[in-house]
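Student: Construct all of the structure, not just a fragment, from the sequences and the given hints.
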Amino acid sequence: MTKTLLILFILLTTLTAFAQKKYTINGTIKDAATGETLIGASVRIQELSSVGTATNSYGFYSLTAPEGEYTLQFTYIGYQTTVQKISFHKSQVLNIALQAKTDLQEVVIRANKPNNDNVASPQMGVEKLNMAQVNQVPVVLGERDILKTITLMPGIKTAGEGNTGFYVRGGSSDQNLILLDEATVYNASHLLGFFSTFNSDAIKDVSIYKGGMPAEYGGRLSSVLDIKMNEGNNKDFTVQGGIGLISSRLKVEGPLVKDKGSFMISARRTYIDFFLKASSDSSIKGSSLYFYDINAKANYHFNDKNAIYISGYFGKDVLGLKDVFGTNWGNSTGTIRFNHLFNNRLFSNTSIIYSNYNYVIQSFESNDNFKATSKITDVNLKEDLQYSLGSSHTLKFGLNILHHDIAPGDISTSQESSFNDKHVEQRYGYETAAYLSDEWKASDKLTILYGLRLSGMFLLGPGTFKTYDAAGNTLTSTTYGLGSVVKNYFNLEPRISGSYTINDENSIKASYNRNTQNIHLLSNSTSSTPTDLYVMSSNNIKPEIADQVSTGWFRNFKENTYEFSAEVYYKWLQNQIDYKDGAQLLVNQDVESLLTYGTGRAYGVELFLKKKYGRFNGWVGYTLSRTERKFDAINNGNYFPARQDRTHDLSVVGIYQFSKRWTFSSTFIYGTGNAVTYPTGKYNVGGLTTFSYSERNGYRQPSSNRLDIGATLEGKEHKKYHSSWTFGIYNVYGHRDPYSITFRDSKTVPNTTEAVETSIFATQIPSVTWNFKF
Amino acid sequence: MKAIFLFIIFFSSALLLTSCNKVIDLNLGNQAGQLVIEGNITNVSGPQSIKLSSNVSFSSTNTYPPVTGAQVTVTDQTGNSFTCAEGPAGTYVIGQLAGETDNTYTMHVVTNGKTYTASSIMPVFVPIDSVTSAKSEFDSGKNKRKITVHYHDPAGIANQYNFLMYVNGVQVKRVLANNDDFTDGNTVDFDLREDDIDIYPGDKVTVEMQCIDKTIYTYWFTLMQQGFNGPGGGVTPSNPPNNISPTALGYFSAHTTQSVSIVVK
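Protein sequences appear in the order of chains A and B. Each residue of the first sequence is one higher than the one before, starting from -7 at the first, in the numbering used here. Each residue of the second sequence is one higher than the one before, starting from 119 at the first, in the numbering used here.
Calculated directly from the structure, the hints in this document are not laboratory data. There's no promise every hint is true.
Claimed, not checked - Computed cross-link-like contacts, SDA-like style, restricted to lysine to any residue with a CA-CA straight-line distance of at most 25 Å:
#1 B:K253 with A:S358
#2 B:K332 with A:L680
#3 A:K308 with A:L183
#4 B:K140 with A:Y685
#5 A:K458 with B:K332
#6 B:K291 with A:K458
Since we're looking at a predicted model, the values are computed, not measured.
Tutor: Structure follows, in structure tokens:
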């Protein structure tokens, strides 16, 4: 390991030794009206085609070029391109404010970068959403939702209707790392998956990496969903919000100190429960069913070199029946980040990150009362550095140490309860990582992004740790003291991707990366439930490992108006986890004895065509893929399709700007049905018709397809305020998408059995939302 | 965990407000003709029986061809051997036997040239204290009732239970299994929640409580998990693990049994 790093370092330093006299320009790119920093804005020297960079997550850029007179071009989607002449005779700071384009049609659905970056960048397997896109795409009940919108991208599959879970390139849903301002969000769903925890008012930038993951990310096998919150307007106070069918939301933002600091608070709450209270049925009347969430952020720029950002999220779901039971669950996260510019080339970000997910389930009945709780708490210390080395290298390196504290389950009861108190030992551990990557512009045509990540896992005492045989019997049981290492794992994760630009409109890219995962979700239910249970790699559970190779062709047409890409990938998965039959995972000290381990593979082709400009724009994504698992204990040890295996998946999104005030949008999706296990026979035991099964997931649910439409009406121009209406119809032609299929004795024909299909949204679901801003 | 089931039931019923059900035709495979063994040895003195049959395809009627002409014997750990005589076709009967607590019973079935064996340990007998009815929390307006069985779980040992319920003589088509992971040594009030037959005042309800061994509990609990369709469709179904080797469908269970009948108030 140290040897590899040393070689890398020598290689990099010798590369720069030959450099001629060079100067560096650095600065921050912001929105001229709100002062929000712009992420991923592009900076180019028009005279030198190979010299260019993009702003990082904090809007910072640093560009180094040989002495000379140049024209710098700053571009960002939805903003007017700014051009500035500059002399590279000394290093200097150049902060840029870009003007947002007022013409709405130019803002919506354009590529995130208005140039050929998708062709030129070495990064592949990444999808970016801009929030203007998210706001136009029609969704169920009008709740704008980034998690629903990303599933319209190729290679990303929804876990089903009414479920915010998603699968990336054949991985399972716990193999996605979901970051909100760098804090892990463990359960990204509200109301058991109908809505996501992300209030799109508070979100500024969304990127999802499904392959070729940069070395600064790690810890999950399949993808990283990196979500950044708005900073808040540092020029003026604004209030905006919306009133919808099931929820309302409000956002307030403004300067703390003009041009130096700002804040943003955004909140949302559903009000289905108010309708429940109106019910005449006393059992419905006494029930609760709602969620709320709050996003808040503040920042302060001490000077050009130092800035601090503080952000937090708090969300809760509450569901219960009066005097019978109550449950609540939710995430909270907090991030403090400190940016420091050591010099015009070295940018540093230090983060302290807190993340918590917990749930409480209570039974109030006197003789059956109990309170069950579970939580996972992370504290993460992270140091990320970015260094521009000459005009052709951008280095990123850093360290991170993450402490997990998992309380898998506690039950407390009163004296008269028929339940006992129960406590499952708390678990502690550290995940550590060190990484180094370099984006190297090797020539005009070839750019290579390569790096290495070393990840470590330390499972710590105190506690009693057991090992189990394949049948789940205890083999050994050892008690460890406070802080002693029970088990540790190290994994070296190489990452490399490169692009070869054939010409301005054509490039070929390829990548290889290895990812490992040391925290695993145990849930034998197919939908998102609040009782998610996380376990760390241990003496029974080995780190999950994925190796992915992918290659693609990227092609732009008509002066970058159209983007086309075709990517193929193949992924090998090791140490995958499944459950034994009859596994009872809740509040179970011996939960690891119920697991079984295997391997997997996933492969596919993704085609993507996007029209970026014009009154009519949108995209078509198509994926042909396969994902399979292999466990000794399941399906006679043969490969079987994973539940999320979907042969064909098509999504079409179209947005049409009809007039200055009216915009229409539409999405259509088609997908092969989930791989499911259906009976191949039946028999009778215990007086009950019982079904027999042969292969695992050998059948397909009927395919799903759906058309949604939406329309936005912008209110008349006012000096003081702006309002708009959003209308939508979900499932326009009332298609019955299968939610589940169950088998039972027929209710109509005696002595026979029948298959019953359940659909949730079997009819059109209209929605209307009124949005305002002043 | 009771409350989890409660809240999933609650959420599922909320879902059902918008959802709709439809009987559909599916082209399912046919793996008929597999041996099914259902063997029960109880603590109640009397005939004990082991039934052999074959499974049929999903589209067939619910009639299962008996497997006749097999040789079936049961032995216990003290060396007693009981030969079963074929009574009705496919039903093999020991004329008179009362299973004893902590005795291991082993079944031997020879059919079609193959020998199948399974062992089960008769658990400690736990009596029913009472069976009661109360208003259902989920349907307070319509007078529906839920049935609760009360018993005292012995402390310090692992106990497993399986419940069968009959409403006016018709069996409720749900698996209702429970163990004492959360209730060891306590007086337990176990709600027999089901959505197969609605129960109203005046109905006659009979509850049979069986004390079963661990393997058989896993068998019934697996079927219960599969039969229970929470949001998203529950667990991936499979043939539940049982105690028969080599592989066959069904189970062999030595268990205690006791039935209590009430008229619902």
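Student: Taken at face value, is the distance from the CA of A:K458 to the CA of B:K291 at most 25 Å?
Tutor: 39 Å, violated
Student: For a C-alpha distance cap of 25 Å, please report whether B:K140 and A:Y685 respect it.
Tutor: 23 Å, holds
Student: Is A:K308 close enough to A:L183, meaning Cα to Cα at most 25 Å?
Tutor: 10 Å, holds
Student: Please verify whether A:K458 and B:K332 have alpha carbons no more than 25 Å apart.
Tutor: 21 Å, holds
Student: Holds or violated: B:K253 with A:S358, Cα cutoff 25 Å?
Tutor: Holds. B:K253 to A:S358 sits at ~15 Å (cutoff 25 Å).
Student: Assess, step by step, whether the Cα of B:K332 is no farther than 25 Å from the Cα of A:L680, and give holds or violated.
Tutor: 20 Å, holds
In summary, the one numbered hint that this structure violates is 6.
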